[in-house]
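Novice: If you want the building blocks of each chain, they are given just below.
There are 2 protein chains.
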Amino acid sequence: MAFALAGKGDFRPPIDVSFFDSRLSESRALFERALQVVPGGIYGHTSPAAGLPGVFPYFAESAEGCRFTDVDGNVYLDFMCGFGPIVLGYRHPEVEEAAAEAKAKGNLYNQPSRGFVELAELLVERVDFADWAVFGKNGSDVTTWALQVAREATGRKKILMLKGAYHGVDAWCAPGYGGIIEEDREHIHRFGWNDPASLCGMLESLSGQVAAVFVTPYHHPSFAPSEMPENNFLSLVQKECNSRGIVMILDDIRTGFRLHSGGSHRSFGFEPDIACYCKALANGFPISAAVGRNALKAAAAKVFLTGSYWNNADAMAAAKVCLQIIERENVPAKIEAMGNRLCRGLIEQAARNGFALQCTGPRAAPYPFFKEDRDLRVMQEFCTKAVRKGAFFHPHHNWFLSAAHDEASIDEAIAIASECFSEMRPSETVKESA
Amino acid sequence: MAFALAGKGDFRPPIDVSFFDSRLSESRALFERALQVVPGGIYGHTSPAAGLPGVFPYFAESAEGCRFTDVDGNVYLDFMCGFGPIVLGYRHPEVEEAAAEAKAKGNLYNQPSRGFVELAELLVERVDFADWAVFGKNGSDVTTWALQVAREATGRKKILMLKGAYHGVDAWCAPGYGGIIEEDREHIHRFGWNDPASLCGMLESLSGQVAAVFVTPYHHPSFAPSEMPENNFLSLVQKECNSRGIVMILDDIRTGFRLHSGGSHRSFGFEPDIACYCKALANGFPISAAVGRNALKAAAAKVFLTGSYWNNADAMAAAKVCLQIIERENVPAKIEAMGNRLCRGLIEQAARNGFALQCTGPRAAPYPFFKEDRDLRVMQEFCTKAVRKGAFFHPHHNWFLSAAHDEASIDEAIAIASECFSEMRPSETVKESA
Numbered sequence: 002m003a004f005a006l007a008g009k010g011d012f013r014p015p016i017d018v019s020f021f022d023s024r025l026s027e028s029r030a031l032f033e034r035a036l037q038v039v040p041g042g043i044y045g046h047t048s049p050a051a052g053l054p055g056v057f058p059y060f061a062e063s064a065e066g067c068r069f070t071d072v073d074g075n076v077y078l079d080f081m082c083g084f085g086p087i088v089l090g091y092r093h094p095e096v097e098e099a100a101a102e103a104k105a106k107g108n109l110y111n112q113p114s115r116g117f118v119e120l121a122e123l124l125v126e127r128v129d130f131a132d133w134a135v136f137g138k139n140g141s142d143v144t145t146w147a148l149q150v151a152r153e154a155t156g157r158k159k160i161l162m163l164k165g166a167y168h169g170v171d172a173w174c175a176p177g178y179g180g181i182i183e184e185d186r187e188h189i190h191r192f193g194w195n196d197p198a199s200l201c202g203m204l205e206s207l208s209g210q211v212a213a214v215f216v217t218p219y220h221h222p223s224f225a226p227s228e229m230p231e232n233n234f235l236s237l238v239q240k241e242c243n244s245r246g247i248v249m250i251l252d253d254i255r256t257g258f259r260l261h262s263g264g265s266h267r268s269f270g271f272e273p274d275i276a277c278y279c280k281a282l283a284n285g286f287p288i289s290a291a292v293g294r295n296a297l298k299a300a301a302a303k304v305f306l307t308g309s310y311w312n313n314a315d316a317m318a319a320a321k322v323c324l325q326i327i328e329r330e331n332v333p334a335k336i337e338a339m340g341n342r343l344c345r346g347l348i349e350q351a352a353r354n355g356f357a358l359q360c361t362g363p364r365a366a367p368y369p370f371f372k373e374d375r376d377l378r379v380m381q382e383f384c385t386k387a388v389r390k391g392a393f394f395h396p397h398h399n400w401f402l403s404a405a406h407d408e409a410s411i412d413e414a415i416a417i418a419s420e421c422f423s424e425m426r427p428s429e430t431v432k433e434s435a
Numbered sequence: 002m003a004f005a006l007a008g009k010g011d012f013r014p015p016i017d018v019s020f021f022d023s024r025l026s027e028s029r030a031l032f033e034r035a036l037q038v039v040p041g042g043i044y045g046h047t048s049p050a051a052g053l054p055g056v057f058p059y060f061a062e063s064a065e066g067c068r069f070t071d072v073d074g075n076v077y078l079d080f081m082c083g084f085g086p087i088v089l090g091y092r093h094p095e096v097e098e099a100a101a102e103a104k105a106k107g108n109l110y111n112q113p114s115r116g117f118v119e120l121a122e123l124l125v126e127r128v129d130f131a132d133w134a135v136f137g138k139n140g141s142d143v144t145t146w147a148l149q150v151a152r153e154a155t156g157r158k159k160i161l162m163l164k165g166a167y168h169g170v171d172a173w174c175a176p177g178y179g180g181i182i183e184e185d186r187e188h189i190h191r192f193g194w195n196d197p198a199s200l201c202g203m204l205e206s207l208s209g210q211v212a213a214v215f216v217t218p219y220h221h222p223s224f225a226p227s228e229m230p231e232n233n234f235l236s237l238v239q240k241e242c243n244s245r246g247i248v249m250i251l252d253d254i255r256t257g258f259r260l261h262s263g264g265s266h267r268s269f270g271f272e273p274d275i276a277c278y279c280k281a282l283a284n285g286f287p288i289s290a291a292v293g294r295n296a297l298k299a300a301a302a303k304v305f306l307t308g309s310y311w312n313n314a315d316a317m318a319a320a321k322v323c324l325q326i327i328e329r330e331n332v333p334a335k336i337e338a339m340g341n342r343l344c345r346g347l348i349e350q351a352a353r354n355g356f357a358l359q360c361t362g363p364r365a366a367p368y369p370f371f372k373e374d375r376d377l378r379v380m381q382e383f384c385t386k387a388v389r390k391g392a393f394f395h396p397h398h399n400w401f402l403s404a405a406h407d408e409a410s411i412d413e414a415i416a417i418a419s420e421c422f423s424e425m426r427p428s429e430t431v432k433e434s435a
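Protein sequence lines, in the order shown, are assigned to chains A and B. Residue numbering for the first sequence follows this note's numbering, starting at 2 and increasing by one per position. Residue numbering for the second sequence follows this note's numbering, starting at 2 and increasing by one per position.
Hints were generated in silico from the structure; no laboratory data involved. Hints may be right or wrong, so weigh each one.
Any copy, or any two copies together, can satisfy a pair, since identical chains are not distinguished.
Taking lysine to aspartate or glutamate and the EDC-like style, the derived pairs with C-alpha atoms no more than 20 Å apart in a straight line are [to be verified]:
no., residue 1, residue 2
1, K106, D73
2, K303, E183
3, K303, D412
4, K240, E119
5, K158, E119
6, K372, E27
7, K240, E413
8, K335, E424
9, K164, E228
10, K158, E187
11, K106, E27
Sequences are here, hints too, so could you generate the full structure?
Specialist: Shown next as structure tokens:
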């Protein structure tokens, strides 16, 4: 399949754009323009193929609190929070103000701003095991850097990660195989979640060669229910890492600071050597961070780390204030309560209509799942109906709640869900057996 | 060198912090705090070790136009422009306003904003060979993705790049070796700038295996003079790539849109298959882009590409307006004229005091260099004197000019340089021989 040059206009879009809900006419028009000038039209986690094509809106116009408006003017009660970053609600005034204040002076300099030091100090204070912090722009910036720090610190090459875990776009871990060569993953080995035998067997067979074990605080694959750690699985990982001189790296990008103001490991009773944060760190401002122990500080200083915009002062200021608000207002507890209310309501309304719904994962980032709905068709039908009625639920990615979700908005979502269930017919396999 | 856990506080900073100019007391205090909580205190291209430790300011407080103020209140006439991104001057009102307008509605959504499509359309219109565009946050995001697109399109593994070129922080190309393993660079081969024999020899010996050749529009290593292409070197690279079905990737991150509003290849008479942009794209807002030909669109759609913040609407809006201003006001011509004035003045003043100064590279991003100053000591002495007098020049990285530099500020810089030269004593080796 050699590469050959060709003229403009000979490319056919890979996605069927023939079906669109009529309420999405502006989304459709923009997407058709996008297909002309962007491979696939929209890529990555916000691509139509990753959601419900023709049913989910393709472009957003504005957002506030726990609602967003698409380019057609349709308003949605949102349960994705920008796929995680929005932890306090869209356009949180205090975060916006702090960022604007930093930005008004300038933003990108030849040097970092004061906020760089203040944010590092705050993270070291906030995260119990952390002695230092560094910052990037993407989650991948810090997960890949952490991998390199582990290799530098140990002089070993092998990296163990969970089957089905997402650690970013870099070749060692990216989902999919486009452009990836086997050498990219030559030293990457995958063990099973809640499967000590699989981990320990691997550690034995690779004895003395493992630099790092990557974990998530709980297992949150896409297209499958979340799984919490069982039988102190993560403590066991920690014990094995500690006794073998392996760096335990926590990828806490998905839910860091949403479940616990000190990082998600606090909710699950273990301590990694490095933790990676992103998403909820700054309520939508672009910044990621890694924190770690002093024993790794010298190795960390040797691994090259930089980017054109990494010192942007506004994102540092936003992160600082966001972390302060999360602790001051006990945001994790508030979000958990609203998540509980939502999940309880959804399960009740589903059951009333003959559907056995389970909410897996933490309540702050639930992955709802219909029993026996292996191909996710029931969930897709439910989310299709819901989005048309103004509730934005995702059929195969965990949802996110924010501090902007209150009892009224949760009850509104439950009412929409109830309407959806009443219009759906449970098949024999998904029927509530209770 | 096995990794072993240790308690807090046993780390010694790798950088001597015992010497600081007295004017940097607040920089020093902040850096001492940073050393406690950040590996190396400050990392990457803004680290003290990358500049003049104890002489360059460590933290910035504010900036406007072509000047910045450090945390001690010292004001500098700036010739680094945030290491490139600031192409219109710090806090350019029109860019800031466009970004603020986009941001006022929200910024990070579950979907891209209209600006995503508009910016892709503008890039495709602006860059002559481009049929499509994609966006990231870091330069590395798009250079590494482009590498993968080339592998996907060709089914080959080998990547050729220039000796001494910088293409980002990823393991295949990062400067330095911390945390890098040999497998990371197993398929990376380096040819010499302006050296057709070295390129062609490599293409012959790796015949049928090369996916991509990475080039820069001119050679801009750190710690060495810039080198322009000679004897149509880049046209030759293009010809070889075209005839062998190899993807020619232009890393135009350093000077893209600063030398020519249509991309730097326009200044040097060649056409790549993919070009990568960052820095000057949005005057400091965090965004990068890759553009390419239709023949690569299907492969591009197959290579995974995403990030938590890549749809931030403010950066898209900023990039759009920044590109418009660059063309509308013919910013490259303006910057070149000011660069000419600066270089001419510096060379004259140097000569008057017995120093043979050369300005290498394009005038918009000059790398000044004292003849025979191989260890850069004369340049370091010059930059040390200059920064103390309020002109921020870099001793071993190319400088950057912006549209905010006018004749008065250039003349002010030349006057400072003149003072510096008059205080320096040329050794025999660096003496002006004319």
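Novice: The structure should be examined with respect to each hint, and the outcome stated for every one.
Specialist: So, going through the hints one by one against the coordinates:
1. For a Cα distance limit of 20 Å, the shortest separation of K106 from D73 across copies, 15 Å, qualifies, whereas the shortest one inside one copy, 36 Å, does not.
2. When the C-alpha separation of K303 and E183 is checked against a cutoff of 20 Å, the pair qualifies only between copies, where the shortest distance is 17 Å, while the shortest distance within a copy is 27 Å.
3. Proximity of K303 to D412 under the C-alpha cut-off of 20 Å is found in neither arrangement, the shortest distances being 52 Å within a copy and 41 Å between copies.
4. Proximity of K240 to E119 under the C-alpha cut-off of 20 Å is found in neither arrangement, the shortest distances being 33 Å within a copy and 52 Å between copies.
5. Taking identical chains as interchangeable, the C-alpha atoms of K158 and E119 are never at most 20 Å apart, the minima being 34 Å within one chain and 44 Å between chains.
6. In the homo-oligomer, the alpha carbons of K372 and E27 never lie at most 20 Å apart, since the shortest distance is 36 Å inside one protomer and 61 Å across protomers.
7. When the C-alpha separation of K240 and E413 is checked against a cutoff of 20 Å, the pair qualifies neither within a copy, at 45 Å, nor between copies, at 63 Å.
8. Taking identical chains as interchangeable, the C-alpha atoms of K335 and E424 are never at most 20 Å apart, the minima being 32 Å within one chain and 65 Å between chains.
9. In this assembly of identical chains, the alpha carbons of K164 and E228 lie at most 20 Å apart only when taken from the same copy (13 Å versus 48 Å across copies).
10. Both within a single protomer and between protomers do K158 and E187 lie at most 20 Å apart by alpha-carbon distance, with minima of 10 Å and 14 Å respectively.
11. In this assembly of identical chains, K106 and E27 lie within 20 Å of each other by CA distance solely across copies; the values are 18 Å between and 37 Å within a copy.
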